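Engineer: For reference, the chains in residue letters:
Protein chains: 2
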Amino acid sequence: MAIEEGFGPQLDFLLQAPLDRSRGAEPLQRQLARRLREAVLDGRLPSGCRLPGSRTLAAALGISRNSVTAVYDLLGAEGYIEPSRQGTRVAELTRAPRHPQPNEQRKVPELARRSARIPQNHYRAESSYALKPGVPALTRFPHAAWRRCVERAHREADTGTLGYGPPRGEPALRTAILRHLALARGVRCTRDQVVITEGAQDALMLCVRLLTDPGDTAWVEDPGYRGVQTALASGDLDAVPMDVDGAGLRVPDAAWRTRTPRLIYTTPSHQYPTGAILTAGRRLELIEKAREHGTWIIEDDYDSEFRHSGAPIGAMQSLAPDAPVLYVGSFSKTLFPALRMGFLVLPESLVEPVKPLLDQILRGGHRHEQLALADFVESGQFGRHLGRMRRLYRTRRDALTAALAAHLTVPHSITGSESGMHLVLHLPPTHPDHLIAAAARERRMAPMALSLCSLRPAPEVNGLVLGYGNTPESRYASLCRELDELIKSSARGGR
Amino acid sequence: MAIEEGFGPQLDFLLQAPLDRSRGAEPLQRQLARRLREAVLDGRLPSGCRLPGSRTLAAALGISRNSVTAVYDLLGAEGYIEPSRQGTRVAELTRAPRHPQPNEQRKVPELARRSARIPQNHYRAESSYALKPGVPALTRFPHAAWRRCVERAHREADTGTLGYGPPRGEPALRTAILRHLALARGVRCTRDQVVITEGAQDALMLCVRLLTDPGDTAWVEDPGYRGVQTALASGDLDAVPMDVDGAGLRVPDAAWRTRTPRLIYTTPSHQYPTGAILTAGRRLELIEKAREHGTWIIEDDYDSEFRHSGAPIGAMQSLAPDAPVLYVGSFSKTLFPALRMGFLVLPESLVEPVKPLLDQILRGGHRHEQLALADFVESGQFGRHLGRMRRLYRTRRDALTAALAAHLTVPHSITGSESGMHLVLHLPPTHPDHLIAAAARERRMAPMALSLCSLRPAPEVNGLVLGYGNTPESRYASLCRELDELIKSSARGGR
Numbered sequence: 007m008a009i010e011e012g013f014g015p016q017l018d019f020l021l022q023a024p025l026d027r028s029r030g031a032e033p034l035q036r037q038l039a040r041r042l043r044e045a046v047l048d049g050r051l052p053s054g055c056r057l058p059g060s061r062t063l064a065a066a067l068g069i070s071r072n073s074v075t076a077v078y079d080l081l082g083a084e085g086y087i088e089p090s091r092q093g094t095r096v097a098e099l100t101r102a103p104r105h106p107q108p109n110e111q112r113k114v115p116e117l118a119r120r121s122a123r124i125p126q127n128h129y130r131a132e133s134s135y136a137l138k139p140g141v142p143a144l145t146r147f148p149h150a151a152w153r154r155c156v157e158r159a160h161r162e163a164d165t166g167t168l169g170y171g172p173p174r175g176e177p178a179l180r181t182a183i184l185r186h187l188a189l190a191r192g193v194r195c196t197r198d199q200v201v202i203t204e205g206a207q208d209a210l211m212l213c214v215r216l217l218t219d220p221g222d223t224a225w226v227e228d229p230g231y232r233g234v235q236t237a238l239a240s241g242d243l244d245a246v247p248m249d250v251d252g253a254g255l256r257v258p259d260a261a262w263r264t265r266t267p268r269l270i271y272t273t274p275s276h277q278y279p280t281g282a283i284l285t286a287g288r289r290l291e292l293i294e295k296a297r298e299h300g301t302w303i304i305e306d307d308y309d310s311e312f313r314h315s316g317a318p319i320g321a322m323q324s325l326a327p328d329a330p331v332l333y334v335g336s337f338s339k340t341l342f343p344a345l346r347m348g349f350l351v352l353p354e355s356l357v358e359p360v361k362p363l364l365d366q367i368l369r370g371g372h373r374h375e376q377l378a379l380a381d382f383v384e385s386g387q388f389g390r391h392l393g394r395m396r397r398l399y400r401t402r403r404d405a406l407t408a409a410l411a412a413h414l415t416v417p418h419s420i421t422g423s424e425s426g427m428h429l430v431l432h433l434p435p436t437h438p439d440h441l442i443a444a445a446a447r448e449r450r451m452a453p454m455a456l457s458l459c460s461l462r463p464a465p466e467v468n469g470l471v472l473g474y475g476n477t478p479e480s481r482y483a484s485l486c487r488e489l490d491e492l493i494k495s496s497a498r499g500g501r
Numbered sequence: 007m008a009i010e011e012g013f014g015p016q017l018d019f020l021l022q023a024p025l026d027r028s029r030g031a032e033p034l035q036r037q038l039a040r041r042l043r044e045a046v047l048d049g050r051l052p053s054g055c056r057l058p059g060s061r062t063l064a065a066a067l068g069i070s071r072n073s074v075t076a077v078y079d080l081l082g083a084e085g086y087i088e089p090s091r092q093g094t095r096v097a098e099l100t101r102a103p104r105h106p107q108p109n110e111q112r113k114v115p116e117l118a119r120r121s122a123r124i125p126q127n128h129y130r131a132e133s134s135y136a137l138k139p140g141v142p143a144l145t146r147f148p149h150a151a152w153r154r155c156v157e158r159a160h161r162e163a164d165t166g167t168l169g170y171g172p173p174r175g176e177p178a179l180r181t182a183i184l185r186h187l188a189l190a191r192g193v194r195c196t197r198d199q200v201v202i203t204e205g206a207q208d209a210l211m212l213c214v215r216l217l218t219d220p221g222d223t224a225w226v227e228d229p230g231y232r233g234v235q236t237a238l239a240s241g242d243l244d245a246v247p248m249d250v251d252g253a254g255l256r257v258p259d260a261a262w263r264t265r266t267p268r269l270i271y272t273t274p275s276h277q278y279p280t281g282a283i284l285t286a287g288r289r290l291e292l293i294e295k296a297r298e299h300g301t302w303i304i305e306d307d308y309d310s311e312f313r314h315s316g317a318p319i320g321a322m323q324s325l326a327p328d329a330p331v332l333y334v335g336s337f338s339k340t341l342f343p344a345l346r347m348g349f350l351v352l353p354e355s356l357v358e359p360v361k362p363l364l365d366q367i368l369r370g371g372h373r374h375e376q377l378a379l380a381d382f383v384e385s386g387q388f389g390r391h392l393g394r395m396r397r398l399y400r401t402r403r404d405a406l407t408a409a410l411a412a413h414l415t416v417p418h419s420i421t422g423s424e425s426g427m428h429l430v431l432h433l434p435p436t437h438p439d440h441l442i443a444a445a446a447r448e449r450r451m452a453p454m455a456l457s458l459c460s461l462r463p464a465p466e467v468n469g470l471v472l473g474y475g476n477t478p479e480s481r482y483a484s485l486c487r488e489l490d491e492l493i494k495s496s497a498r499g500g501r
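Heads up: the protein sequence lines correspond to chains A and B, in order. For the first sequence, my numbering assigns the number 7 to the initial residue and increments by one for each residue that follows. For the second sequence, my numbering assigns the number 7 to the initial residue and increments by one for each residue that follows.
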């Protein structure tokens, strides 16, 4: 391979390792461009160095002149090389980044302070582990029927459905949710109030973005749902823990003056995790005071579809006309978590003000899945599935409380078993719950330590949150015996 | 129907409108509970009012005593009624919310200040309108093949896939993206660096949440992509507009000292909307200075898969080892917008620090869709579709530039046609672009006014962003003639 005039030793690297010709003309150009770029960046081709003419280089490499011209054009557009009176030259690149030396301490930029406030000891475990809270009965989900709805949506929706959708979600799904909520939860709203979100967590973030400013105060339940802290920290809110008792969130009157909240987060129908029901009196007072102080209330109604004794507790959202309540719901518990679909019901008075903002923030999407879900709801399959799951969870709740009564030999009490898919086993502080939870994890059990839900040190908040949604009742006796053992060894100082 | 002792006139409302018995026992309980709640809330049943015994009420209503007991239990749990020595009484509910009077000005709490900073004059139009930028060729998407991938994912994934997934996304998809990026964009990374997001907008928000604090400075291109302002406003960042010229983002040296950024947002391979390519020299300088100042660079590589002349421009992410660059990509343009799937490639040094945060912020989900996409990529269907679309968009680009040259009679210039699915038609300030865009909308054309991308008043930023992705070339001649007419009438002061 002859080296013609003007082709200096700097380009030897191109000749020494031949180009891979097995993949056609375009990959050849890419390879050449990449090698030339690298040589410019690492200094093998220094600034001002002249490159051979395209004909010369093409001949030397045995590729077409057009390919070389295309690569020169590209590197010219990218600013690596530039034309000059003496032909093409390597451009002046000031301060090319050096490869860092092994012993050189590189300055890694810091993460945001708001990130540092996100709690990092969150509960996380395999969905398949026994007694994991928050997981519905996955094996009982009518997956084949769901698949048919998804297939139908893909088959029947027009091509336009591949494009961006309405920011607040598919109208058909919002209508379906509206009807379901009216029937099951006593929520009264119009379709304009319903916004489809990526699950409940996304709905919380949306509330934070729309309604709060950095440094604003937000009240949260303590013990409470940790996920809300992640949303509040991301919005730079000041989270103030509020006590919870047997009647739910308990707000001292003075707090309205001393720590006036912009936002209150509450789980009124089945307090997470204790299961307390926020009484009507407290609900009404909360709404009235919130109106007075310009406060927004987020009602997270995460599992109220499954009430085991008597009729369902009504939602707070409809307790008073145009209450300043944002109702948050999710299909993660009623259908399946991977669906990632939830919704927000806005107060009527917010619909118009936030519309232009939602048009910016939300993109619409997952349109076929939304249409499939609308179909699943409207065809009655959702209602039938809910009914079946309500019966199943009631059976499992009964079986678990019976098994605990039969097999636990340590003093304990149980709360929160009236609805949902979990209950709370309260234990004396002599049996530290984090030790029990850690030991349980090694036996493929995933109860959550109750103390994880505590924002302030509180020795009496000690126990286990036991999920019975996805664990069959046949296993409860042996699981409870195992738990009893683990609880007892935790008192001896752990394993 | 006999009224027994203790059953006062307050309960007449229950007897006057009979319960609807057509739907079984549970709906009966719900109806009774709802009516009693309403009567308590609106004062028909005042505080302290005694309720009849369950036997008496059951007999009067002709329902089972168990039903009444269940409803009393429920309302007791909810705090509407309470036991007393004289039987069940209505609870003391302080300050029940009044129905607002029609002439009463209700205090509507204000929206957040951060919301007020979200730009509200965003471009929005039907996907089906001609020349709309940002919409890929929807009719050419191989929907049937995609559907088969979705169906297979639903059929083959195990039941556990219905549960929560890995926060950063399905490993199979992250591996597929990794391979695609290495080949198509020269991005070098490991699977740990790849995070699946809800499209590019969600990736931007994630960067803001992880890396910035309120009040931090962020540099954005001007003219530039408006969506980034929404993300920055939500994070309370101070967006500083930076000029763009023919070589991309132009940063005056002094700005590094006077307006030191925490974040820089840039579209280096095809500046949005002008189409300028950020030169290698500027890229290297940006990286070097960013390192020096602890700044993060977001590289939004929104449509670089479609380069019409020569090989693709390489990504900035791999220009220097462990550059402080977060690479953002999306499948909205390469597949379809409603898929809502995008990704973020973290710098290596960020992977470990942000892992615990991502575990909190991200929930995993859309797992079947992610597995379907991994399948679509790995089976080569994605690559073939990209190839077809590259050829199609090149043809359309050529046809549109030819039609503009043939039919536009007003002075103009064109930039940004080297890649992607849109080009910019620059017009003299005598023809205000917002008038043209508004008039075009009435003829079902959706060019975007270039001035919408401008952050600061700039009369020379005037023109139309024309998308050719989803508009067939057979229409270009007549569309360009129509546009010419509209442009000319805009100069006469609009319609």
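Derived from the structure by calculation, the hints contain no laboratory data. All values reported here derive from a predicted model rather than from experimental measurement. Some hints here could point you the wrong way.
Unchecked claim - Pairwise CB distance ranges (calculated):
| no. | chain 1 | residue 1 | chain 2 | residue 2 | range |
| --- | --- | --- | --- | --- | --- |
| 1 | A | C55 | B | R197 | 32 to 42 Å |
| 2 | A | P434 | B | R91 | 49 to 59 Å |
| 3 | A | R263 | B | E88 | 28 to 38 Å |
| 4 | B | L189 | A | R397 | 47 to 57 Å |
As the list claims (entries may be wrong) - Below, a sample of chain B positions facing chain A; criterion: calculated Cβ distance under 10 Å:
| no. | residue |
| --- | --- |
| 5 | L67 |
| 6 | S70 |
| 7 | A83 |
| 8 | P142 |
| 9 | P173 |
| 10 | L325 |
Built from N, CA and C at the ideal position, the CB exists for glycine as well.
Engineer: Please check whether C55 of chain A and R197 of chain B have a Cβ separation lying inside 32 to 42 Å.
Structural biologist: holds (38 Å)
Engineer: How does the Cβ-Cβ distance of P434 of chain A and R91 of chain B compare with 49 to 59 Å: does it lie in that range?
Structural biologist: violated (35 Å)
Engineer: Does L67 of chain B hold up as a contact with chain A if the rule is Cβ-Cβ below 10 Å?
Structural biologist: Since the shortest Cβ distance to chain A is 15 Å, the answer is violated.
Engineer: Answer holds if the nearest beta-carbon of chain A is closer than 10 Å to that of P173 of chain B; otherwise answer violated.
Structural biologist: holds (9 Å)
Engineer: Range first: 28 to 38 Å. Now tell me if the beta carbons of R263 of chain A and E88 of chain B are that far apart.
Structural biologist: Given a distance of about 29 Å, which is inside 28 to 38 Å, the answer is holds.
Engineer: With 10 Å as the cut and Cβ atoms as the points, is S70 of chain B at the interface with chain A?
Structural biologist: Violated, because the Cβ-Cβ distance from S70 of chain B to chain A comes to roughly 13 Å (cut-off 10 Å).
Engineer: So the hint says 47 to 57 Å: do the beta-carbon atoms of L189 of chain B and R397 of chain A match that?
Structural biologist: holds (53 Å)
Engineer: Does the nearest C-beta of chain A fall within a distance shorter than 10 Å of the C-beta of A83 of chain B?
Structural biologist: Since the shortest Cβ distance to chain A is 5 Å, the answer is holds.
Engineer: Once the shortest beta carbon distance from P142 of chain B to chain A is found, is it less than 10 Å?
Structural biologist: holds (8 Å)
Engineer: Interface hint check: L325 of chain B, Cβ to nearest Cβ on chain A, cutoff 10 Å. Holds or violated?
Structural biologist: holds (7 Å)
Figure legend: structure checked against the earlier numbered hints; hints not met, in rising order: 2, 5, 6.
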